[in-house]
Amino acid sequence: MAIFIQQLINGLTLGSIYGLIAIGYTMVFGIIGMVNFAHGDVFMVSAFVALLLFMIFTTLLHWALVPALLVVLVLAMAITGLWNWTIERTAYRPLRGSFRLAPLISAIGMSILLSNLIQVIQGPRNKPVPPMFTQVIPIYEENGYVAGIGYKQIVIMVVTAVLLALFWYLVQKTPLGRAQRACEQDQKMAALLGIDVDRTISLTFVMGAALAAVAGVMYIMYYGVVNFADGFVPGVKAFTAAVLGGIGSLPGAVIGGLLIGLIETMWSAYFSIDYKDVAAFSLLAITLVFLPTGLLGRPEVEKV
Amino acid sequence: MSTDMSSPSSTFPMVKSLKQAGFVGMVMFGLCVPIVAFRAEQNMNNELVLQSRWWLTLVFSVLAMIGSFLLSLYTHQKSHTAHSSAPSSVTKALSALAPRLTPLGFACVIAYPMVMLAINGPGGSIKWIDNFGIQILIYVMLGWGLNIVVGLAGLLDLGYVAFYAVGAYAYALIATKVIPDTFPELGFWSFWICLPISGLLAALWGIILGFPVLRLRGDYLAIVTLAFGEIIRLVLINWVDFSNGYAGLSSIPRPSFFGIPFNASEEGFAAVFDLEFSPIYRTIFLYYVILALSLLTAFVTIRLRRLPIGRAWEALREDEIACRSLGINTTITKLTAFAIGAGFGGFAGCFFAARQGFISPESFVFLESAQILAIVVLGGMGSLFGVVVASIALVGGIEILRELDFLKQVFGEAFDPSQYRMLIFGFAMVLMMLWKPRGLIAHREPSIVYKEKKSIGSDMVQEGHG
Chain A
1 MAIFIQQLIN GLTLGSIYGL IAIGYTMVFG IIGMVNFAHG DVFMVSAFVA
51 LLLFMIFTTL LHWALVPALL VVLVLAMAIT GLWNWTIERT AYRPLRGSFR
101 LAPLISAIGM SILLSNLIQV IQGPRNKPVP PMFTQVIPIY EENGYVAGIG
151 YKQIVIMVVT AVLLALFWYL VQKTPLGRAQ RACEQDQKMA ALLGIDVDRT
201 ISLTFVMGAA LAAVAGVMYI MYYGVVNFAD GFVPGVKAFT AAVLGGIGSL
251 PGAVIGGLLI GLIETMWSAY FSIDYKDVAA FSLLAITLVF LPTGLLGRPE
301 VEKV
Chain B
1001 MSTDMSSPSS TFPMVKSLKQ AGFVGMVMFG LCVPIVAFRA EQNMNNELVL
1051 QSRWWLTLVF SVLAMIGSFL LSLYTHQKSH TAHSSAPSSV TKALSALAPR
1101 LTPLGFACVI AYPMVMLAIN GPGGSIKWID NFGIQILIYV MLGWGLNIVV
1151 GLAGLLDLGY VAFYAVGAYA YALIATKVIP DTFPELGFWS FWICLPISGL
1201 LAALWGIILG FPVLRLRGDY LAIVTLAFGE IIRLVLINWV DFSNGYAGLS
1251 SIPRPSFFGI PFNASEEGFA AVFDLEFSPI YRTIFLYYVI LALSLLTAFV
1301 TIRLRRLPIG RAWEALREDE IACRSLGINT TITKLTAFAI GAGFGGFAGC
1351 FFAARQGFIS PESFVFLESA QILAIVVLGG MGSLFGVVVA SIALVGGIEI
1401 LRELDFLKQV FGEAFDPSQY RMLIFGFAMV LMMLWKPRGL IAHREPSIVY
1451 KEKKSIGSDM VQEGHG
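Chains A and B supply the protein sequences, listed in that same order.
No gaps in the numbering here: position 190 of the first sequence is 190 in the working numbering, and each next residue is one more.
If you count the second sequence from 1, you need to add 1000 to reach the working numbering.
I should point out that these hints are in silico values taken from the structure, not numbers from a laboratory.
Please read these numbers as outputs of a predicted model, since none were measured by experiment.
We treat Cβ as the ideally placed atom computed from N, Cα and C, and that holds for glycine.
Any given hint might turn out to be false.
Taking CB as the label site, the calculated pair distances span [to be verified]:
| hint | chain 1 | residue 1 | chain 2 | residue 2 | range |
| --- | --- | --- | --- | --- | --- |
| 1 | A | Ile137 | B | Tyr1246 | 55 to 61 Å |
| 2 | A | Pro124 | B | Gln1020 | 31 to 37 Å |
| 3 | B | Trp1435 | A | Pro124 | 27 to 33 Å |
| 4 | A | Met1 | B | Arg1402 | 53 to 59 Å |
| 5 | B | Pro1180 | A | Ile154 | 30 to 36 Å |
| 6 | A | Pro124 | B | Leu1295 | 36 to 42 Å |
Using the sequences and the accompanying hints, generate a full structural model.
Given below as structure tokens:
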């Protein structure tokens, strides 16, 4: 039981990170129907941005840990938003209205470009940061095994929950969110009603990147190490989460992320750690075969 | 400066362009701020230390400004001078040249190793035949195989490399484990025995993986195939008893000249044909083997397009619902495309294992699938000639980037050009998509002609609706 509780906590932490990345996929797919293949690498870039900012604030400016992290979070969100805005502007927008595979290939190229760019400018080696928030609160004990929740796990879950609430408010209650949902339903009609579609799509990319940056900061904090190749696997898993939850659905992305995180940690704990990625990918295939619209997705209407 | 730019007919919007260039420069500066301006390096105590590189950030920003300015200058010039010129002159030229180039291309391709041998001698030509000839032909074959799935049937497959891996591991395992244990006297023939087996196994895997997922449409299919590709690679990594994991399989037998091995022994190729022993003969032989295999793929594709099944593929790509209402069994049609495409991937994998003599899961990463798909899409989806052009451009380009050692003399010894290879590759992929979203050869001949032949323009081609 203690092991189960521990894995539950670990799984939810990992799932929060996947959920944050998955929202970026699901929003972009919802609004322009494109799999943004480079999103995993945008997440990796954000982790590097966070790492460097963290180093600047703690080693060069000697700030305390908590204010430094808060500033790093905000700055990383802004800078990653700028990155994704630039990517959308240069690599995807000119291809809008072109045939369907063109943006996908462009996104794959962008993914290769980003990871290799980081490799060239930051070097190929792992970048470790000193561990932070190492305290653990014990919550359950059984036969000498203590299940505990780490401070950083609490921080991750709380920050994720707060930002998701803010984000939900942004999408549901503000004019920007309304414009975004309108473009998702019918771009032509939205344009007729005076919504700047291009600007809304750009802002969707910026929002997705900002949430990916939150995931990036959390990733650095949780694992304490990042590498230029760390974008692909979390990216594919977050996409799996988005599909599992029903692509286009925001709560679906979060639920899907939590499920993928839980399945991955439970599988590692009870079956085999080597095959955890195989389990996640098989789940994706099984979901799509038996539940093609995901858990919360809208059924696809086939028009002739 | 301004005197050069203002032409009498229209004035160049100098202020606007400069403003835009300034904006681009600022964006570039913002992008670079932490990630280029600082580099985190580990010191002796394994701690990260920051090194600042503000000059590099400034260089990037200034370059972006200049680039933006030149771009607006170029678009201005183009919009005022080149109204009459055809928008896709390159595409048209390539499409018109394709039929005429075919015999010439054949002659070039067949003569290529001999010409290289004559120019560079037996020692120097191995690099040219192997790295350029064989490498490009492998990708041409993979491109043509994937073209059946993506270009003809319109099914987006992001895990094609899985079948390549199946073919390669089938050959490696059968040739190193099964044949020596059962029929050791067949050792020299193992490549020729395993070639059809690898293809059939890959096709079988295509059916097994394809059957449950082919009901899915478009992007979903793409992601599931990507997941299958990753699953196969992860199993090859983790199932050490079967595939030897990360370490890979080595000492895979090399192909023989129909039973005559390429070695220095009495029965070797050189001795039998009374030649001086040299490793070049095997390279040349491998070149012709992969050439024959690719041509077989092209031939099968061309013939299949004229058969009912090929027509069904193309009909399926254009409109699945119409297809179903005309009584075409879409599942069977998709499955055959998937299996035949996978089979050719298996042949190519078998050849790859035989050529390398060593395989490991590292050779079958997603990047390979992406590269093959990029070749097909860049070639113009469905165009066989386009795949050749795209393979030469992408694979040949990557290989040429290996040859940039002379840049070391310019930038100093610490400069390593090879690390920029994939960076330039990704950049080129994006640029080529922006420049030609429909690929280099974006027109195609209709399969069936009613009364007169019309070529289909790129705007009418609706490929990839899956």
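> Cβ-Cβ distance between Trp1435(B) and Pro124(A): within 27 to 33 Å?
Replying inline: Since the Cβ atoms of Trp1435(B) and Pro124(A) sit about 30 Å apart, the hinted range of 27 to 33 Å holds.
Take the C-beta atom of Pro124(A) and the C-beta atom of Leu1295(B), compute their distance, and say whether it sits inside 36 to 42 Å.
holds, 40 Å
(request) Given the range 31 to 37 Å, decide if the beta-carbon distance of Pro124(A) to Gln1020(B) lies inside it. (result) holds, 36 Å
55 to 61 Å as the expected CB spacing between Tyr1246(B) and Ile137(A), which holds or is violated | Violated - the Cβ-Cβ distance for Ile137(A) and Tyr1246(B), about 39 Å, lies outside 55 to 61 Å.
| query | Is the distance from the Cβ of Pro1180(B) to the Cβ of Ile154(A) consistent with 30 to 36 Å? | reply | violated, 59 Å
Given the hint of 53 to 59 Å, is the C-beta distance from Met1(A) to Arg1402(B) inside that range or not? About 57 Å separates the Cβ atoms of Met1(A) and Arg1402(B), which means 53 to 59 Å holds.
The structure shown violates the earlier hints numbered 1, 5.
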